[in-house]
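Colleague: Chains A and B are the protein sequences, given in the same order.
With the first letter of the first sequence counted as 1, position 301 gets the number 301 in this note's numbering; the numbers rise by one all the way through.
With the first letter of the second sequence counted as 1, position 320 gets the number 320 in this note's numbering; the numbers rise by one all the way through.
Hints in this document: simulated from the structure, not taken from any laboratory.
The C-beta atom is built at its ideal place from N, Cα and C for all residues, glycine as well.
Take the hints with a grain of salt, since some may be wrong.
Per the computed footprint, the stretches of chain B lying under chain A, defined by three or more beta-carbons under 8 Å from a beta-carbon of chain A, are [said to hold, decoys possible]:
id, region
1, 109-123
2, 271-285
3, 341-350
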Amino acid sequence: MSSAALTSQPDPASALESAFSTPALVVDLDTFEANVAAMAELLRGTGKALRPHVKTHRTPELARRQLGGAAIGVTCATVGEAEAMVEAGIDDVLVANEVVEPGKIQRLVALARRAQIGVAVDDREPIAALSQAASRVGVTVDVLIDVDVLLHRCGVGSADEAIALAVVVARSPGLRLRGIMGYEGRVRLGDEDRAGKIARAYALMAEVVAALRGADFPVEVVSGAGTSTLREALADPTITEIQAGVYALMEPELLNLGLPFRCAVAIRGTVISRHPGRIVLDIGRRSVGIEYGPPVPIGFAADEIAISDEHTRIAMADPLPALGSRLDMVPGQVRTTFNLHDEVWVSRGGRLIDRWPISARGSSQ
Amino acid sequence: MNDPAPLVTDAHERVRDLYRSALGRPRDEVTTPALLLDLATLRANLELMADGMRDAPATLRAHVKVHKSPHIARMQVEHGAIGVGCATVWEAIVMARAGISDVFVINEVVGPEKTRALALLAREADVKASVDDAAQVDELSAAAVAAGSTIGVLIDVDEGMHRCGVTTTAEALPLAQKISQSPGLTFLGLTGYEGHCSLEFDEAKRHAMAREAMAQLTGIAADLAAAGLPCQIVSAAGTGTWGTTSRYPGVTEIQPGSYATMDGHHRGLDPRFGWAVTVLASVISRRSDRIVTDAGSKTVGASHGVLKGWDLEKYRFDEEHSIFLADASVPLTTGDKVEILCNYTPFAISYFEAYHVLEDGKVVDIWPVMPRGPESRWLLDMLERGT
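Looking at chain B on its own, in the form it has when it is part of the complex:
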């Protein structure tokens, strides 16, 4: 890994300054609502994944769209990830500037400003993107040629989510041929995300679904190889299916993300990973039958959450408030701090600009969420300026 560039170090300094009053302070003195990251739990999650991947034939690519944190991404690489997966070209720029050279936008990149950004980034990093349409290939090729760079391209395979992606060899083969003949592009292989499996909480069924998806994915890869277009990379999997998929013959890398930060949904799929990210809230109103906190759907996210360490029934989440039933026997009062365990962490992270990083119950650092996006075209301007 390279050292982080000013884009990242400046953002880090900015949030450290913004939240300097929290630095070195115990958790209970942090202004709320705040996004907390427990460093020990994060490390344990990363080590658990590293252990689990040690004897797997596939490598680990950490998806960063969940946490949008250059700092967490670097730790993932230190724990064995070969690089990162991103949802947007803006995330890829930030991660490359964080010092991670292998960045893969696991998504269709469409629009002149985005292909231009990707092509400029490919001058300074090993950049990959996925496609499911010949028109995208033309756009990427033109952008790479104009920038004098080379972009690695993988074909996106629809493994059952019915979102983006091709479904058959008949669709994939002409695309692979087109990519391999397009200047500025290198055909690298296939990528698929069996996200539909992560809605199945029965483990046996889920893994059977994942194997079915991998049969489709690796089947297309074999067909392409037979046609003279071998796949160097066959990428798939999320936190719900990484164990099976990383050992499926023909899969070369997995791309989970939530294992690092975790949330209620993913703990339902793999409870070995711990809750590293929570939202700190204050009790702002104490009524005889309930407590009201200052963290609602505008901070915890639309999927809401549960209280950590308090077995209180959720009454309701509003935008700026969450309400839990608590009679007089519950020793919580106005001003007390509580942590909320998010049911789906990505939504919470989108609402914050920084993590309060905790170690032994104290704030040891503030890390930026970046790019906050969802649209961060200013990063293209930065690349255009050559800075």
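Excised from the complex, chain A in its bound form:
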């Protein structure tokens, strides 16, 4: 082959660069992998399992790269997410949420033919419906009793209620009682009585576990914890499985926790307008989630950031970047950000190497 023919080979990286447009999500794979490795290191010797919550990114290609070792499977918030993960070949999925609609229960038991499926319950009727559906299809679905440990969302509030549900689950064909889950939610470093909140949450879980065991129910799995409570969960003797998800991509708000994780994802925008003392990017609330704060600049300084539907206005000192320049910012809220995009671009060493579908985007059903 002549050298001319060699040089005319398409360069996949430059082909990706020329197919790029903004606003776009870009994950730095080196940082992502370092976060996954750091999590494995934290788990080493604890005897605890990790079940990364994939509602964080709804992206099977990222989920697959979080598994292995102590990471035994994934956690999902919706049946749609679970379907996308099973479709991608992941064979152990916990839907850490209540599933009550008949159509969704059917979809869930259909998944149980292809993968180990677990689900949370906090009420009798859905247990009966799940049991009926699982029996009809001839599968076994793992069940965790959801305990309201802090959030006042779903979940039973006491050991007595948990036992009452365990009695129902235990005599329901097609269901296997595996244990409990209790999600304490995001507990920020500056939250009032942070230590007390977490301690009471874990104490309630321990109390429910003891009560269930005392009543001769098996409790193999005690699932909980997010990235914000990772250290406390690792030190807790009751918890067996950790549901953290954000650790792999991180959010600026959690950096003060001193965890060995760095921000791995950026939203990349283009400067579309320049005026004295300010620029406007094509990033807006319809491309980045700001529930935990506005996006944080990478490699440039902003005096003020104002974000509307399709625009981010950045007050900054001269010299302003040129029109058409591309700038990166770290999303304040990774999960809602991913849910606004069809795909995530993948970079290594600052070069785009791939693009992956966020195939569970919008899978809220």
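Fit chain B to the known structure of chain A by using the hints.
Modeller: Chain B in isolation, oriented as in the chain A frame:
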């Protein structure tokens, strides 16, 4: 209007197939969370706007960034809109392929892939864009020349939002001159959006602010005309200011969008329009003091919402859940369906791929949200292929 092209009809067929189990079914049988569109309320909103614009000197251009629906856009044109306004070039491509020939990207279009897409689209539709910088004019001109098309250009005027846009005649005049001398471009006039007024809920104050903004906008237009560059189009207004702005002398068109779908914020500005878009949710957990639904900030959006028909206090919105306080006297139980009225509908729409269209309480159609974006470069590839 032309008939919709395959880009739109195929997407329509795709979502109809995806959600076929809901077609013809009553609301309560729709899988949740789902984006609902009540057709009667939508029609009433469009008729109300058409009535309100009948004796106005300005024309109506419907902004579609809110709903991203080719179907709603076509209905807006059927109700008197001369064309559509878009936030992105990708929206403009979809709307042109929906059969709407007058598409205006009311935003700065920067970047070779986007100017190329705009210029290619201008071969098949009447395409307009706004600028606030000479560099954008050069990019657009080069793209139009390369594509052999003509793009209509309006100068973006900053009426007080301090986002994009020029503020004075001194800035606008050289831009207008440059546009009018640039091959492939036609200078059409000015566009401004007095969005800062829509944060003022006192009606009298809001309209006074809008008039002040229009004085600035039409003042610049008069200056340009005096300099030999008359503005064929002077475009402005949103749902909060359309009544005043559409009657302000010198304004030729208004560009509201939220009036069609509505939400809590815009009903605070103009309660005559009804809530046409809601999010259907299921009660997935019933505790003694509260209900938990399966629609949270990942479906309703970061601005959250309130329950329709139930006067229950919001406890919290999480990503996949919303929680409302409800003691035993509230007859809601696990599996019940409720509708959430969004405080700001655009955020909800961004999270869905389709509307469940309801008429007389039944699902009569499924309409695609498109382009879902925010980045839809594949539409440029489609134009490049000539398909």
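Colleague: If a hint holds in the structure, say so; if it does not, say that too.
Modeller: Do the hints match the structure? See the list:
1. Counting residues of the region 109-123 of chain B whose CB falls under 8 Å from any CB of chain A gives 5; the rule of at least 3 is met.
2. Figure legend: the region 271-285 of chain B, annotated as covered by chain A; annotation consistent (4 residues with Cβ-Cβ distances under 8 Å, at least 3 required).
3. Counting residues of the region 341-350 of chain B whose C-beta sits closer than 8 Å to any C-beta of chain A gives 3, which meets the bar of three, so the coverage hint holds.
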